[in-house]
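There are 2 protein chains.
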Amino acid sequence: MSLNNSRAEIIAIGSEFLHGGRLESNSIFLAEGLAKCGIAVEWKTLVGDSEKNIALAITTAVRRANVVIVTGGLGSTVDDCTREAVAAVTGRKLRRRLKAFTVLKTRYAAHGRPLTNVVSRQAFLPVGAEMLENPVGSAPGFLLEWKRSVIMALPGVSKEAQAIFETQVVPRLASCVSQSTRLQQKMFFTVGLTELQVDDRLHPIIRQSQSVELSLLASVLGVTVVLRAWIPQGSGRSTNQKFSEFESLVSLIRQTLGDSMYGEDEQTMEDVVGQQLKSASLSLALAESCTGGLIGHRLTQIAGSSAYLDRSFVCYSNQAKQDLLEVPRKLLNRHGAVSASVAQAMAIGARRKSQTDVGLSVTGIAGPGGGTASKPVGLVFIGIDGPYGTHVKPFQFYGDRQDVKMRASQAALNILRLYLLRFFKS
Amino acid sequence: MSLNNSRAEIIAIGSEFLHGGRLESNSIFLAEGLAKCGIAVEWKTLVGDSEKNIALAITTAVRRANVVIVTGGLGSTVDDCTREAVAAVTGRKLRRRLKAFTVLKTRYAAHGRPLTNVVSRQAFLPVGAEMLENPVGSAPGFLLEWKRSVIMALPGVSKEAQAIFETQVVPRLASCVSQSTRLQQKMFFTVGLTELQVDDRLHPIIRQSQSVELSLLASVLGVTVVLRAWIPQGSGRSTNQKFSEFESLVSLIRQTLGDSMYGEDEQTMEDVVGQQLKSASLSLALAESCTGGLIGHRLTQIAGSSAYLDRSFVCYSNQAKQDLLEVPRKLLNRHGAVSASVAQAMAIGARRKSQTDVGLSVTGIAGPGGGTASKPVGLVFIGIDGPYGTHVKPFQFYGDRQDVKMRASQAALNILRLYLLRFFKS
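Taken in sequence, the protein lines are chains E and Z.
Counting in numbering that gives the first Met the number 0, the first sequence runs from 0 upward without gaps.
Counting in numbering that gives the first Met the number 0, the second sequence runs from 0 upward without gaps.
By construction, these hints were calculated from the structure, which means they are not laboratory data.
Check the hints yourself; a few may be wrong.
Which copy? The list can't say, so a pair holds if one copy fits it or any two copies do.
Unchecked claim - Each computed BS3-like pair below joins lysine-lysine, with the alpha-carbon atoms no more than 27 angstroms apart:
#1 Lys35 / Lys104
#2 Lys424 / Lys146
#3 Lys329 / Lys392
#4 Lys146 / Lys51
#5 Lys35 / Lys392
#6 Lys392 / Lys424
#7 Lys241 / Lys329
#8 Lys329 / Lys352
#9 Lys277 / Lys35
#10 Lys277 / Lys352
#11 Lys51 / Lys374
#12 Lys35 / Lys92
#13 Lys374 / Lys185
#14 Lys185 / Lys35
These numbers come from a predicted model, not from an experiment.
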């Protein structure tokens, strides 16, 4: 079967996505994986655990897409009815597949659990379907061609869906897609600029290109620039031209964004700052007030962060600021805990008390209470102390308490990043 | 128009949901709000910024649902084409709506921005549509009836969609739904039990009921139990009977889960523990190692947490544990940083050094590196010190670094919760 110029639809099964308050996320890695195979996802449908509705979703999907991936509904409980729905849509019977049954029997025996009739349902597949082995769980997936589409069913459990997709689905797709075109994608992460500011800077550049699509996504962490183009595959002139057009846009954007860009593609701020500290062999201490530990939490999401993060003084009370960071009481009384002088004293104190190379501090009003006319909610001071001197910068953030904390943590890590850039430039 | 026994479909517009790696979340509050009006969401469709595909999505939706809510694509950029798609599907023209235009003009004037033709697009609505005023942004939503369905269009920006939904949509829905049935929903949050354990406990209870649906959702924070029933409205016997059946199940489940349940409905662990500390007038200090600040971050997500959280000593290095918490060097050398004795010393140190009522500590191996045969990745010790003595408990968590940190933070807050329960029982 040839799947050139494919459109894909992802159908995610689960009542929890409709009214259980749960966000669906399998489709994210599925879309990324499909794009790498040259297949664009054009539709996503979320539907509950109802055989009738799943069948209707599949019927609708095969009309508008030729790659249909269903995730969920392959478990052993009564709720799980994707097998039945696919069988109904394609007019096939469900039959016990010996190989699937043997795997199931072995897995259940190993865990000392009984193989009931209910559990055995997982070994039933539509007649003619190809079984997709599950390397990490008990329910196999399956694939079948129907009309001009290929329908693939994967479990809802993320790790299982991912494992089957990577080991079973990708190789099969690669063999039937000649990759006439392939999605080329590039992401840039900026901080400290509004969507409008990024747009203003990039507009003159992007206007030149017709085949490259640019989009901006704003979040509390900053504005992400996404560059996307479908590039014909092969060694022809058109491929080379489109590819070099894409590449030159990438370098132009990189240059235009300059220091406002902190990372590309998979890099997070935590990665970037961690890498900087590591290569410079610098140690860090934090003094967090309104962020409450968030900066330490973010830095320690990175494996190996103990190499540079020594400690964080989360000083929520004034007493803690005095005890741990030796912030003078006079300073707290005169300027208040949310002030440039206290931010500075916190950064200096964090560095000195921990004997690290750099001290980074945050103090602010996360809200919703605690604001005044002169010090409104969202006012945050960030201080840094290290080999390049001491600096303090005020910020005014917007949003709710969670937003202000997240924006403050991002701004603080960015100040650290810019400070460390000097180390590498000097 | 009567919307009894309604089925709703939510259509979310945005290419970023298809291949930009972004999760769609507007549909979460929309589904909750609809459920309160007695309307069940049966479908969600995600589609890119393509007029043709949006039109196709709406055509498909009105066939299977009688309440269709479209979110996104109402802005002023060329990408935004929901207005055009709705006009095309329903065969109506787009016409400038004076009221919308005046609002737009005023908003732009206030921000000193020019009202270009592109921006003015937001004031165009399909003929015959009812405008839904946007209390917090420039793009109005709109509502129109078509065939046997009502189609509503809301902006993609979450805060705007939410504001329009609450102030404009809900009152309109309430007037046309006689609420013949209404979704009754109850959630229980458990911690420390596996999905299978919760299932084992609840199975005998839930088997008795036919009209109440029970589902379990496992996450790193624990297993959530969701109880759901559509209850006929009115004052009849059937209503009362179903309602009291639901209520008696709720109390039976509450009783069965006991202390394993930490919260219901909208309560988070941070809320619950914060409330406990507040009502008992107890202050808290944290000593975090492997969680890196996450516990402090979580507690400070709650407004007013400064009333009980004094500080957190995030002691990533052994030196920090000695300096800040006076953990004896001998102890660290003999037992290692990840040990029951160090967890205990950290909790005692945190309490003593901060002079708070309670000290809570976490030390463990978040991974992926750093594990040994006797101390594998995921091993975590949690210590607590306070008026009811000192306790340490070991845990073995599974998952990646992020999972281990999150599970450890949840277990630590739960130990604090159980410790504080004694305060209220004594």
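Please list, smallest to largest, the hint numbers that this structure does not respect. Violated hints: 1, 2, 5, 7, 9, 11, 12, 13; rest satisfied.
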